[in-house]
Amino acid sequence: MTDHPSTESERLDEELVAYLDGELDGEAARRMEHRLASEETVRRRLQQLAQSWDLLDQLPRTTVDDSFTRSTVEIVALAAEEELGEKAGAEPRRRRLRWFLTAVAAVGACWIGFVAVTHLRPNPNEELLRDLPVIENQEVLKEAGDIEFLRKLDKEGLFPEESGDAP
Amino acid sequence: MAVSESSTQNPALRDPDVRLMLEVREDNAAAFEELMLRYQNRLISLLEHVVGRRELAEDLTQDVFLRVYRARKRYEPGAKFSTWLFTIANNVAANALRSQSRRHEVNLAQRGTNSSTSVPTLEQLAQAASGFMPARQFEKAEMSDVIRQAIATLNERQRMAVLLSKFESMSYEEIAETMQMSTQAIKSLLSRARGNLREILEPYLERGELKELGARGDGGTIEDEE
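Chains A and B, in that order, give the protein sequences. Numbered according to my numbering, the first sequence spans residues 1 to 167. Numbered according to my numbering, the second sequence spans residues 1 to 226.
A portion of the hints provided could be inaccurate.
Quick list of simulated restraints, FRET-style, between CB atoms [to be verified]:
#	chain 1	residue 1	chain 2	residue 2	range
1	A	A88	B	E33	22 to 32 Å
2	A	A88	B	R67	15 to 25 Å
3	B	G78	A	V115	46 to 56 Å
4	B	T8	A	E8	42 to 52 Å
5	B	A141	A	A37	32 to 42 Å
6	A	E82	B	E34	19 to 29 Å
7	A	R70	B	R67	12 to 22 Å
Derived contacts from chain A toward chain B, CB cut-off under 10 Å, selection only [what the hints assert, rightly or not]:
#	residue
8	R11
9	W53
10	Q58
11	T69
12	V76
13	A79
None of these hints come from the bench; they were simulated from the model. In this text, a Cβ means the ideal position worked out from N, Cα and C, and glycines have one as well.
So that you can see chain A by itself, here it is in the shape it has in the complex:
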């Protein structure tokens, strides 16, 4: 169904109804009043719309008694009880969840601390491991007598790479 008036008659009705309802702005209301003053058919149309609208005052209005009010209150009270029940059931679940999250956080903190300590604290054995090849061959290396001589030999690639021994 289109909501826009498609004929001149429908457009007139729309303006007349809006005029009756006080929904026309100042300029539009003045234009309508001018038409009403000068056109009999428009006046008649307005009168018909107004009278048929006034008839709706005859539509019965319902009143309810206390039993309806009580019944509604009961329905809402039941909903309130259900709400409370859900909240009460949710509280132990929330406590258990809080405990679980706290435990997870504690374990996580321990793990992070372990990793941090492991990586940040210097390993006293690291230096020894690095120097292990020298330590193992110190008797041979002592025979060289001169560290510069050993460096020259290393530059020439005469010392093979130790593999598989690295920590």
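Add chain B to chain A, keeping to what the hints say.
Chain B alone, transformed into the frame defined by chain A:
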């Protein structure tokens, strides 16, 4: 939001029903009951004409209040409280009518009468009024039925817009917010609806029956006697 916030900072707080709903948000049961008492008749009246059945309207009204209660913690005062409330009502009614149409249970003409006929069309009602009905004075109850049937010929959105305008005196902007449509769309919707109503009821007006009813009627509310 604290209830003590100045209404100059938030104009919505000028609405006493908004202040009540803020109390409901703080789990004030008395405030909730007060809102119920203020709105239950209005909701049922509107919904009964929208969905066509009193019993269903009562169920839907209770559904609306239940939704209000469940949404209370998320409530933020915007405009009027009634706009928010009737937005919920509109959604609830739309869902109910969709379910009804899926179950093929719509029969608005059975409401309030012993008739088992289906909903008359606009043309049928206009034709009935124009000359095929005996020329006699209508009793008020009969005309109420004619008017109800006239409302029933409107589509769901037209009915809701008409009833929000007539029963709740909502502006086009408020109706648009309630029905989640544009103001222009509401303007067109109401125009078509009222044009349809005019077409149905005009013959009765021309015959003078409704004019007399309008003159002698109390024009006020009528208690629905079951």
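- Report the numbers of all earlier hints that the structure fails to satisfy, in ascending order. none
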